[in-house]
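Q: We have chain E; now place chain B onto it with these hints.
Sequence lines, in order, name chains E and B.
Numbering-wise (numbering that gives the first Met the number 0), the first sequence opens with residue 0 and increments by one.
Numbering-wise (numbering that gives the first Met the number 0), the second sequence opens with residue 0 and increments by one.
It cannot be assumed that every hint is accurate.
[Unchecked claim] Derived pair list, reagent style EDC-like, types lysine to aspartate or glutamate, alpha-carbon separation capped at 16 angstroms:
#1 B:K282 to E:E282
#2 E:K42 to E:D55
#3 B:K363 to B:D378
#4 B:K300 to B:D244
#5 E:K200 to E:E224
#6 E:K235 to E:D205
#7 E:K109 to B:D121
#8 B:K59 to B:E85
#9 E:K262 to B:D138
#10 E:K262 to B:E144
#11 E:K262 to B:E85
#12 B:K220 to B:E9
#13 E:K200 to E:E231
#14 B:K240 to B:D261
#15 E:K289 to B:D378
#16 E:K289 to B:D380
#17 B:K22 to B:D12
#18 B:K22 to B:E9
#19 B:K35 to B:E73
#20 E:K262 to B:E140
#21 B:K22 to B:D138
#22 B:K59 to B:E94
#23 B:K20 to B:E106
#24 B:K191 to B:E202
Treat the hints as calculated values from the structure; they're not laboratory data.
One-letter residues, chain by chain:
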Amino acid sequence: MSILIDKYTKVLVQGITGSFGARHTRLSIEYGTRIVGGVTPGKGGQKFDDAVPIFDTVSAAMRETGATATAIFVPPAFAADAILEAADAGVSIIVCITEGIPVMDMMRVKAMLADSKSRLIGPNCPGLVTPGYDEKSHGGCRIGIAPGYIHKRGNVGVVSRSGTLTYEAVWQLTQLGYGQSTCVGIGGDPINGTSHLDVLKLFNEDPETEAIIMIGEIGGTAEVEAARWAKEHCRKPIAGFIAGATAPAGRRMGHAGAIVGGKEDTAQAKKKILAECGIAIAETPSVMAKTLLERWGK
Amino acid sequence: MNIHEYQAKELFDRFGVPSPKGKVAATPKEAYDAAKWLAVKNLVVKAQVHAGGRGKGVFKSGFKGGVHLVDSPEAAREAAASMLGEVLVTKQTGEAGRLVRKVMVTESVSISRELYLAILMDRQSCQPVIIISTEGGMDIEEVAEKSPEKILREHVNPLAGLQAYQVRKLCQNLGLDTTARQFGRLLHALYKLFTDCDCSMVEINPVVITTDDHVYALDAKFNFDDNALYRHPDISAMRDKDEEDPREVAASMYDLNYIGLDGNIACLVNGAGLAMATMDIIKHHGGDPANFLDVGGGASKEQVRAAFKIILGDPNVKGVFINIFGGIMDCNVVAEGVVSAARETGLSLPLVVRLEGNNVDAGKATLAASGLNIVSAGDMDDGARKIVAAVA
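Extracted from the complex, chain E is given alone in its bound form:
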């Protein structure tokens, strides 16, 4: 088992003909992901790399391919529309990689998706990986931009706002011989589709996931909400890291969501609450895996 996606998941790519989308589609196919179609308005009927059929609309792609997930690589100005189109077509898992979507657009998308059956992951995220059992973890499902080879199939669930910090944690685990069930990048924007808490709940119910690494940042209260829930309900050991202890207040640290506004969204405040909720805190980003293994009793 894994969460959200596995090697059987049929995946679409919206924006498959753009250079970024095309590059990562090839890497996903190489990894073993079942990319069943692409969507680029105006290019319906063509084929991507002579293999993957391209459709004009998501609903046509859904009808023809039976996909249940989509990866969105369209430019920021068109991303809100792409997400809503995927939801309208009934795609279950919508992964939006696009960075730089206006907050006002995401606010409306979030409100529109309130009663939708679709789950949005991101935006501004590295996507999802459920590693496979083959060499370099191939044979799994990769949706997004994460490097496949750093993974290894196993029992640790990883959830993070930041891409590179996810890779850091995954690589540490892999080097110590521990694999991952699923790695979820939820994105660095202030408004996103899936929260740390949503992912913790999924990991808690997943029999394959035995332990969890949760990586957060300054800004907002999402990590704190997840920790408070975990204290009461989570049956699995969790290690956490919060980036941005040295960030000055009021400055946007790269991610639109990484900005200290009040007293409670500083790294120090979050670490304190996480620790109080029973989460083992990694003091530095280089000991995320080690901290988990200690808590896990490995």
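A: Here is chain B on its own, set in the frame of chain E:
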């Protein structure tokens, strides 16, 4: 992005948010003309800088106060002459202060009541929230701590927009009577401005109710969503690069995320999360980061080179730590960018490089073959320790 008070007034005028009549002036003569045009007895002359605390600020010339009440065009000219071309130091500018290039001359109003009003994006509910405090003119954080009951909050459904009943409710809770309609109009206009201009925050402190029952926005602070500026060329044009850190201006030309800090260890990292974490680990080992710098996931050799030059442009820098986890990014591209920039700048400072990931062996080979004095690090902890030791 931030804007000046006089630019905020332009937006207020466009959207129908009432504010006192006024004009911006770049010379004492223009200030005199503006005062003449206003043709009122009581005037205010305000220095235009992107920093709060102007009223209590002091100019380096010794002249006190960035906000002056005057009673004639001549006095307005004199106040403007004392401010223009001078450096104003306030509690928010730091010791360096800010050069005043413009002043705003407005009519002065007689105040009977002050309110605090803000609209901002609430991350938790993913909706805009209107915040009003009856303690206008005071710091909102202080009010929130000492008397939270004085703060009203109203969330707005982004799909429906601000409803009339919400405005009536707020006016009633504020005890507004004869001025309720005017305040309501201001609120509706401000909400429209907030959404139409893609603001992440607009704060008016204070909104005043005058002794003759007028409602005015007196001072305003705007924050715009940088991601949405592409669709607001008029607002982008309000950007005042003179008010920004020149290093940050240079970085933005190369699409680099750079924030200058006070330390002496420059950092060059890919990814915002890893960049923050790199600063944290330097601090953890007793060092002090000079900057936040995220070169992004697909940086070119040119971007890396530009980034390297920008961080070295900081005179406080005593050493450089490059921390790259090249997931998809090619480590060798980073290595080539670093080598070419180090040669070009004749780098003499300690340089610690941690490379991991895609094509890492080629990257390490490029660094080794360069003949430069580069210390390589096994992981980020090792790298942080080495750079901290090197600058100590």
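Q: Any of the earlier hints contradicted here, and which numbers?
A: Result: hints 4, 11, 14 and 21 break, sorted rising.
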